[in-house]
Amino acid sequence: MMKEIVVLSGKGGTGKTSIVACFASLAKSKVLADCDVDAADLHLLLKPRIKEDKEFWSGRVASIDEGKCTECGLCQELCRFGAIKDFRVDPISCEGCGFCYHICPVDAIAMKDSMSGHSFISETKYGYLCHARLGIAQENSGKLVALVRQNAKLIAERRNLDYIITDGPPGIGCPVISSLSGANLALLVTEPTLSGIHDLERVIGVCRHFGVPVLVCVNKYDLNEDNTDRIERYCSEEGIEVAARISFDNVMTQAIVEGLPVVEYTNGKVTQQIKELWQIVSTRLEK
Amino acid sequence: MIISVASGKGGTGKTLVATSLALSLKDNHKVQLLDCDVEEPNANILLRLPIKQSQPVYIPIPRVQEAKCTYCGKCAEVCAYNAIAVIKQKVLVFPELCHGCGGCSYLCPESAITEEGRGVGIVERGSSGNLELIQGKLNVGEAMAPPVIREVKRYTNPANIVIIDVPPGTSCPVIEAVKGSDFCLLVTEPTPFGLNDLSLAVEVVSELDIPCGVIINRVGVGSKEVEQYCCRERIPILLTIPLDREIAALYSRGIPLIEGMPRWREEFLRLFQDIKGMVPASRLAK
Ligand code: SF4
Ligand code: SF4
Ligand code: SF4
Ligand code: SF4
Numbered sequence: 035m036m037k038e039i040v041v042l043s044g045k046g047g048t049g050k051t052s053i054v055a056c057f058a059s060l061a062k063s064k065v066l067a068d069c070d071v072d073a074a075d076l077h078l079l080l081k082p083r084i085k086e087d088k089e090f091w092s093g094r095v096a097s098i099d100e101g102k103c104t105e106c107g108l109c110q111e112l113c114r115f116g117a118i119k120d121f122r123v124d125p126i127s128c129e130g131c132g133f134c135y136h137i138c139p140v141d142a143i144a145m146k147d148s149m150s151g152h153s154f155i156s157e158t159k160y161g162y163l164c165h166a167r168l169g170i171a172q173e174n175s176g177k178l179v180a181l182v183r184q185n186a187k188l189i190a191e192r193r194n195l196d197y198i199i200t201d202g203p204p205g206i207g208c209p210v211i212s213s214l215s216g217a218n219l220a221l222l223v224t225e226p227t228l229s230g231i232h233d234l235e236r237v238i239g240v241c242r243h244f245g246v247p248v249l250v251c252v253n254k255y256d257l258n259e260d261n262t263d264r265i266e267r268y269c270s271e272e273g274i275e276v277a278a279r280i281s282f283d284n285v286m287t288q289a290i291v292e293g294l295p296v297v298e299y300t301n302g303k304v305t306q307q308i309k310e311l312w313q314i315v316s317t318r319l320e321k
Numbered sequence: 457m458i459i460s461v462a463s464g465k466g467g468t469g470k471t472l473v474a475t476s477l478a479l480s481l482k483d484n485h486k487v488q489l490l491d492c493d494v495e496e497p498n499a500n501i502l503l504r505l506p507i508k509q510s511q512p513v514y515i516p517i518p519r520v521q522e523a524k525c526t527y528c529g530k531c532a533e534v535c536a537y538n539a540i541a542v543i544k545q546k547v548l549v550f551p552e553l554c555h556g557c558g559g560c561s562y563l564c565p566e567s568a569i570t571e572e573g574r575g576v577g578i579v580e581r582g583s584s585g586n587l588e589l590i591q592g593k594l595n596v597g598e599a600m601a602p603p604v605i606r607e608v609k610r611y612t613n614p615a616n617i618v619i620i621d622v623p624p625g626t627s628c629p630v631i632e633a634v635k636g637s638d639f640c641l642l643v644t645e646p647t648p649f650g651l652n653d654l655s656l657a658v659e660v661v662s663e664l665d666i667p668c669g670v671i672i673n674r675v676g677v678g679s680k681e682v683e684q685y686c687c688r689e690r691i692p693i694l695l696t697i698p699l700d701r702e703i704a705a706l707y708s709r710g711i712p713l714i715e716g717m718p719r720w721r722e723e724f725l726r727l728f729q730d731i732k733g734m735v736p737a738s739r740l741a742k
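Chains G and S supply the protein sequences, listed in that same order.
Take 35 as the starting number for the first sequence in my numbering and just add one per residue.
Take 457 as the starting number for the second sequence in my numbering and just add one per residue.
Rather than coming from a laboratory, the hints here were simulated on the basis of the structure.
Some clues are possibly wrong.
Unchecked claim - Just some of the chain S residues that point at chain G, by a computed CB distance under 10 Å:
{"no.": "1", "residue": "G466"}
{"no.": "2", "residue": "E496"}
{"no.": "3", "residue": "K593"}
{"no.": "4", "residue": "A615"}
{"no.": "5", "residue": "P623"}
{"no.": "6", "residue": "K635"}
{"no.": "7", "residue": "D638"}
Note that beta-carbon positions come from the ideal geometry of N, C-alpha and C, so glycine has one too.
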């Protein structure tokens, strides 16, 4: 039975991508998915060779035909997103709702499809990687995330793979929800900072909301052990398992600079801790 | 003057910079800090201002008066997000999909649709002396951050120094937060991740035509690539902050850098002067 695990952090920069890259190296039969579609980094460690590159068309943008427009001003007045000024549409502000298109008395407005990114399927030395790039200033990151997951699922099914390992986006909004719903497990990587704790609570809330079971991992735990204890207390009150504590060690950064998963860069403490984490995660997924 | 503090990638120290800049300026200026990272607002963890006012953010969603409705299907036809559907003798509204554009209620031939507010988040305000904080919080489980960000930004008073803490990434919430700024500070790290995400953030600000400068955080372990990139692209590096366990530990306890290590105040004041020198007067006049 194929299992899907998504690695999230609430706050970015907690070491999520480094941990996913280690799982890529440690797990046997898997496909990887990078759902952080607006600032993807996993490819920097996995060095993919792109096999398939598809344009992602989604959403629409209004456009006014100057020749036809009588400058009646109705569209400007009704657009709730302030996207029309001086009878021109600002494509960055336009949400593509089409309201203006429907009400223009002289049919001067057209809704045009917009290309909002690319989705990729690649090979890496760790197996397949599904990833994407959202165009700058584009909407619909949620839909692109859904597409990446769907690609990964198809590959996993076709090749009978055990795991889909997903690098999730930061935050708790639309792309996070899209990467999370229906997954078997969410691993939340946090830091022992007050902001980290605050963000962890919110992301746990989102996982609960969508009924996804949670495991927590405290990265850089020795940066502030009081806060690490606080996280563990909080988790135990909430009935959540803290699967690992990972030490604050510059090897994490050095491995990124070398373009390697840290478990391949060194054999030190951090590597042991991440290996144990993967053990716990994979055992939990078996259940 | 409106200065936004952004970074393609999260966790680079954006909030550390935004709060320290605000605190260093507040003695001589009126400062507003807008926390537009509404999915994970963190600025007030460091500032600890008492919240005095709290207001829900609503999206107007349709409510159909069945008595007037003829099930003509017009509303479903105009909705670009499939947020309203007409099935036989029933109109279904899917509130989570609705962007509140107002199209269906305006276009319903029977005027059968009114609107009601659906809470998606809150905006909170607090202040102390010259420093005012406005922070948005997206409700847990909600997908759309931009309406909350727009509400936070309504409090902008350009006569003040306005500092905006921007969410990570490059998509719609980032644009919503950054647009209208006079200057954008991009906070990054000296790693391949930092470089990759910085170059995306630079694309965003150039798309919006906003001048920018870079702050490199956690300098020490890492590579020179970010500096080389900035040099090549002629983007000024305005400040570097070393990788220092003491700085990280202060942050972990929620202590602003310039309070824990007051010698940084001078650096942030100089940063502000540099920014002022880089914002063309014509921009501010707008
Ligand atoms: S509604 Fe149509 S005619 Fe009127 S200003 Fe807009 S585009 Fe022009
Ligand atoms: S499509 Fe909607 S958001 Fe875009 S300009 Fe028209 S009314 Fe405004
Ligand atoms: S457009 Fe108005 S009348 Fe027609 S189905 Fe919708 S609510 Fe009913
Ligand atoms: S307000 Fe706009 S988005 Fe919401 S249901 Fe009506 S047409 Fe659709």
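How the hints compare with the structure:
1. G466: holds, 2 Å
2. E496: holds, 4 Å
3. K593: holds, 9 Å
4. A615: With a closest approach of 22 Å, the S:A615 hint is violated.
5. P623: holds, 7 Å
6. K635: Constraint on S:K635 satisfied, holds at 7 Å.
7. D638: violated, 17 Å
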